[in-house]
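Undergrad: Each chain, letter by letter, is given below.
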Amino acid sequence: MSAKSKDQLATAGLYVIVGVIITVLAGLLGFVFVKGLPQISWQFITSPPQIFQEGGGVGPQLFNSFYLLVLTLIISVPIAIGAGIYLAEYAKDHWVIRCIRVLIEVLSSLPSIVVGLFGFLFFVLYMGWGFSILSGAFALSVFNLPLLVRVVEQSISSVPKSQREAGWALGFSKWETIITVILPAALPGIVTGVILASGRVFGEAAALIYTAGMSTPIIDFTNWNPLSPTSPLNPFRPAETMAVHIWKINGEGIMPDAAAISDGAAALLIISILFFNFASRIIGNLMFKKMSAN
Amino acid sequence: MQSVALQPVTMKTDRTKLVDSPDFQRNSVLQTTNLSVYYGGHCAVDQVSLTFPKQSVTALIGPSGCGKSTFLRSINRMNDDIDQCRTEGEVFYQGVDLHSPYVNLHEIRKQIGMVFQRPVPFAKSIFKNVAAGPMRDGVKDKKELQRIVEDSLKKAALWEEVKDQLHTSALSLSGGQQQRLCIARALAMQPSVLLLDEPASALDPVSTAKIEELISQLKKDYTIVIVTHNMQQAARISDKVAYFYMGRVIEHGTTEQIFTNPRHDQTAHYINGRIG
Amino acid sequence: MKKRNRITVLAFVLLCTWVVAACSSTKANDSDKGEAKQETEQAAEPIMAVGSSALQPLVEAAAQQYTIQNPGAVINIQGGGSGTGLSKISEGAVDIGNSDVFAEEKEGVDASNLVDHKVAVVGMGPVSHPETGVEDVTTEELIGIFTGEIKNWKELGGVDQEIIVINRAKGSGTRATFEAFALQGKEPMDAQEQDSSGTVRKIVGETPGAISYLAFSYFDQTTTALKVNGVTPDRKSVESNDWEIWAYQHMYTNGEAKGLAKELIDYMLSEDVQETLLPEMDYLPVTGMQVERDAQGTVTKK
Amino acid sequence: MHKELSQKSDYNLQVSPISKGEYMMAKMIKETEHPLYRKSNKMRMERFGKGLTFLSVALAAAITAAILFLVFSKGLSTFIMNDGSVKDFFTGTTWNPAEVNSLGKPIIGALPFLVGSLAVTGISALLSAPLAIGAAIFMSEIAPKTGKRIMQPVIELLVGIPSVVYGFIGLTVVVPFLRDLFPGSGFGIAAGTIVLSVMILPTVTSLALDAIQAVPRSLREASLALGSTRWQMICEVVLKTAKPGLMMAVIFGMARAFGEALAVQMVIGNAAVIPHSLFEPASTLTSILTMGMGYTVMGQIENNALWSLALVLLLMSLFFTITVRMIGKGKSS
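Residue numbers (this note's numbering), protein chains in the order written: chain A, 3 to 296; chain B, 68 to 343; chain C, 144 to 445; chain D, 1330 to 1662.
Hints listed in this document are in silico derivations from the structure and should not be mistaken for laboratory results. Predicted model only: the values in this text are computed from it and were never measured. Check before you lean on any hint, since a few could be wrong.
[What the hints assert, rightly or not] Restricting the straight-line Cα-Cα distance to at most 35 Å, the calculated cross-link-like pairs of lysine-lysine (DSBU-like) are:
| id | chain 1 | residue 1 | chain 2 | residue 2 |
| --- | --- | --- | --- | --- |
| 1 | A | K292 | B | K209 |
| 2 | A | K291 | B | K210 |
| 3 | C | K370 | C | K294 |
| 4 | D | K1416 | A | K176 |
| 5 | B | K209 | D | K1379 |
| 6 | B | K287 | A | K6 |
| 7 | D | K1569 | A | K8 |
| 8 | D | K1569 | D | K1477 |
| 9 | D | K1572 | A | K94 |
| 10 | A | K292 | B | K121 |
| 11 | A | K163 | D | K1569 |
| 12 | D | K1477 | A | K163 |
| 13 | A | K8 | D | K1658 |
| 14 | A | K94 | B | K210 |
| 15 | B | K277 | A | K176 |
| 16 | A | K291 | B | K287 |
| 17 | A | K292 | D | K1477 |
| 18 | A | K94 | D | K1569 |
| 19 | B | K222 | A | K8 |
| 20 | A | K176 | A | K8 |
| 21 | D | K1477 | B | K210 |
| 22 | B | K209 | A | K176 |
| 23 | B | K207 | D | K1379 |
| 24 | C | K261 | C | K370 |
| 25 | D | K1371 | B | K222 |
| 26 | B | K210 | A | K176 |
| 27 | D | K1658 | D | K1474 |
| 28 | B | K287 | A | K94 |
| 29 | B | K209 | A | K6 |
| 30 | A | K6 | D | K1379 |
| 31 | D | K1371 | B | K221 |
| 32 | D | K1434 | A | K163 |
| 33 | A | K163 | D | K1572 |
| 34 | A | K176 | B | K287 |
[Claimed, not checked] Partial chain B-side listing against chain A, Cβ under 7 Å, derived:
| id | residue |
| --- | --- |
| 35 | H173 |
| 36 | R176 |
| 37 | K177 |
| 38 | A190 |
| 39 | A199 |
| 40 | G205 |
C-beta: ideal position from N, C-alpha, C; glycine also.
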């Protein structure tokens, strides 16, 4: 078999592989959307869940998912950027630094149930925040940190060394070079990392069961003062996210339309992930343009 | 640029036995004495003492690996960040030894600009590239920035080509334009010395000619030190030439004297080899 | 650039103020409740109920109805399983510990100062795949199936289909009750385990020859509820104790129940929960039971 | 300070460039605050920046250390406080921590879970590695532009799908499919592997893509210049140079698979036995851990035994991480 035909065969093989992956994803999405889309209606999206009658919605759960995601990113992104900068720029090849790197990477392969239990013991009990969005957000930040730190460090160290030298030659200090030259250049990489991390936050259930709790007390969307217990913004109320709700319905749901609600919730969850990825891609480009262009 | 005019007296070192003509020393602004740079054990630059007169172009030539770039980088202490790199001897700039621990490193690099071999524009717009230095230096108001950017781009002979696309990304410029942008960026810091590390070696002949012509113009207000492999370039634009070999200055004098009757046969071989 | 730098500092300061506000607001809870009190008179301190996932839907439904009648009452109900519920209530970390087993049955739980409130009864029964051809089994046959002696449905007069046993999770109350009262304490064989009732129902409904056990509230057409010794699993047979496979649902409090916890438990035992809510959710009212049973399983006529 | 300055530079007459007077002049200049000596606030900003970033690293490391301490302390207490025997733990095949065996030691045979976990992780890595590396090659060599535009959202979406949905689909699609094709109830290692390999696909693909894109362009052009076809270039140059990165990607995917809990628990059947075939119900460390945690009382032997499972998981992910580091360091230095 000549090299040419081998090359064509291999290229065809690669097209097949990519085809398989795309069909798998199409199958997954098709399955979820075919079963889930008919469920989605404005009433389904906004009304609170029913415990045992039909017609329950996922309104509060959807809000909780987004609110928890925003809180988690607010907590984990600054820390991850700080840690990423230090590891990429300031860290000398010292054994302590190597230990920290191994420590953080081990965290990323720990099952989320273990992180959930740590959150339960530390944030819920020790810090006394109880089952709340805040404990959930901190637990998820811990769960998300390794991936984010790794991505930030990679995108920063992929900025060529000559950019740093150019910055120093202009009289910038190391920190000024990082802020003015390197961070903007590494921004696209960081945005991709944030998207991957938020995808995982959306889909996470095991870590939240013991931290953000599995029930949603009545919240009225009119009262926005974060301190009153019934307001959606209060970080101290337990909050069941979409993924936890799906897990609970599949596990213990006794409402007759449990299967339908779970399909609808799964479809809605994937739509919101699509929306979030798309939105953060746009925001990332905007920030990059604003930072670099005008 | 507030400079205290201090004329260091002529320098005599036994090894090189160079006698400089009096007028050169009187108006030299930068001078290195016994400057040596060690990478771990290996000595890259060995006891080099040179004076760089004001408003002149000094070309550093020599075979690759002879330590001329290392020497250039040690002037504005760019080697500090390379680990196991030790520098000895002094670099006097306006009478101040730049290697003394009490001097402000960032202040040095503002007054001694540097341009590298490959053009390194920041991933920003043209305007922001040039304005990055002054903005970081505390220049806040828009008009002042606009003036500095326009003035620097004009000095770098790039203004005509980019004046109506200041807000597009610098990465869209050609190689030669990008290098001139780097020069403009350095000029925006109002330096008094410019260090050019083979600025045109990665560019096509047309852009190289533009850069050389720009350098001979800049000579009027800046002291320029240029490292180059290109003998014609050195002959064309430099006033003084120093020939480096194995980390030491073999010969150092005016361009005519070096290119017409070099005192050392080693320099002659090198120059004939390259030009002959 | 200066602006860029200010943003990172701002973000960091925002994060710190948020955390400080968060911590301080926990301390400010009392003052918080003070305001809540002016707003709505009866509102008491928010209470937390943790424990058995089987009991959770019932307590949530009751709490939902309770908060409609007196708004401002904040009742948080979490799952986590009977083990978590019992250990948390014995540590006093929560106000109510839900459990579907007696506290005495769980080692490591110091039940001395726990007060038991039986709020409902959950009947359980073996369920099998609809096409096994078997409607009624005796207790010995049931034990034979779950200990693995009987391997094929045709030995019980059903279709020729291998029996696939699905156990519940080791520590769950449902399993403890089923093993105690249906298998008379015999150890079931090592087989596939599932802990969530929904998943068990789906597996039994779709796997030919499968058998497991579920609470009455999970019975539906996809699975056949087997009769044991001729007794059909329904409310009457449990109340008369002809159907022995049932368990109390306990809401434990640490010491005497007080405040909102007491109000909620009284509400649970009131008419609108026992008579209306429980039947709707296929739980059995505890008030209707004709027998009494204690932790050791001895039954006394009421 | 001046005294120290003069001693340090041990002014040496022969070599010094300028006369002693000039030298003293230079030092005096320092007094008149020559611009070159002025201390700028850059130093303060620098310390602030370095301090802030070090704080974040320290915070991240502290949290991790706290988790590791928790898992170690609880995990080891099974062997220390409840005197479970380590040998039983790794060789025993029955798992019933509440009961005590003949020697009075708790029955904690975790071998079935270890075998289950390793089997599921290993096979799913074997299944997803070629797919992922193929997709990465496609995205970087065959059709970079369109490949990136289509595959990048696909990857981001696959990462976003919650493991609950994967488990749910596994239960409704994969298990019945396996049940019809093969004997048994469809649950088991095979179902777990299929679900897991789809779940770790995005992680391995994106890491493999980074590894392949790290291969310098010039190497590719050099190989093409020698007249090799694209596939030869890919095999001989790209895959060879990116080999450590690709290995890292696969191992990182395995670590991720090793830690997956919810989806696997729904499809693997959770039987605490060593499976004889791929289609018999089995169980993994994470499935038993997730299932049992709610039902056990904190501090009791059953709970500690579950934490020992978590400890084994931790040690395995430590092992994965260190091998990844070794491969990375071995080849790249």
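Undergrad: Each hint needs a verdict: does it hold in this structure or not?
TA: Checked hints:
| no. | hint | in the structure |
| --- | --- | --- |
| 1 | A/K292 / B/K209 | holds, 17 Å |
| 2 | A/K291 / B/K210 | holds, 22 Å |
| 3 | C/K370 / C/K294 | holds, 19 Å |
| 4 | D/K1416 / A/K176 | violated, 54 Å |
| 5 | B/K209 / D/K1379 | holds, 30 Å |
| 6 | B/K287 / A/K6 | violated, 62 Å |
| 7 | D/K1569 / A/K8 | holds, 18 Å |
| 8 | D/K1569 / D/K1477 | holds, 23 Å |
| 9 | D/K1572 / A/K94 | holds, 26 Å |
| 10 | A/K292 / B/K121 | violated, 41 Å |
| 11 | A/K163 / D/K1569 | holds, 26 Å |
| 12 | D/K1477 / A/K163 | holds, 26 Å |
| 13 | A/K8 / D/K1658 | holds, 34 Å |
| 14 | A/K94 / B/K210 | violated, 42 Å |
| 15 | B/K277 / A/K176 | holds, 33 Å |
| 16 | A/K291 / B/K287 | violated, 38 Å |
| 17 | A/K292 / D/K1477 | holds, 24 Å |
| 18 | A/K94 / D/K1569 | holds, 29 Å |
| 19 | B/K222 / A/K8 | violated, 58 Å |
| 20 | A/K176 / A/K8 | violated, 51 Å |
| 21 | D/K1477 / B/K210 | violated, 42 Å |
| 22 | B/K209 / A/K176 | holds, 26 Å |
| 23 | B/K207 / D/K1379 | holds, 25 Å |
| 24 | C/K261 / C/K370 | holds, 26 Å |
| 25 | D/K1371 / B/K222 | holds, 28 Å |
| 26 | B/K210 / A/K176 | holds, 28 Å |
| 27 | D/K1658 / D/K1474 | holds, 32 Å |
| 28 | B/K287 / A/K94 | violated, 44 Å |
| 29 | B/K209 / A/K6 | violated, 61 Å |
| 30 | A/K6 / D/K1379 | violated, 55 Å |
| 31 | D/K1371 / B/K221 | holds, 30 Å |
| 32 | D/K1434 / A/K163 | violated, 60 Å |
| 33 | A/K163 / D/K1572 | holds, 24 Å |
| 34 | A/K176 / B/K287 | holds, 32 Å |
| 35 | H173 | holds, 5 Å |
| 36 | R176 | holds, 4 Å |
| 37 | K177 | holds, 4 Å |
| 38 | A190 | holds, 4 Å |
| 39 | A199 | holds, 6 Å |
| 40 | G205 | violated, 12 Å |
Going down the numbered hints, you'll see the structure goes against 4, 6, 10, 14, 16, 19, 20, 21, 28, 29, 30, 32, 40, while the others check out.
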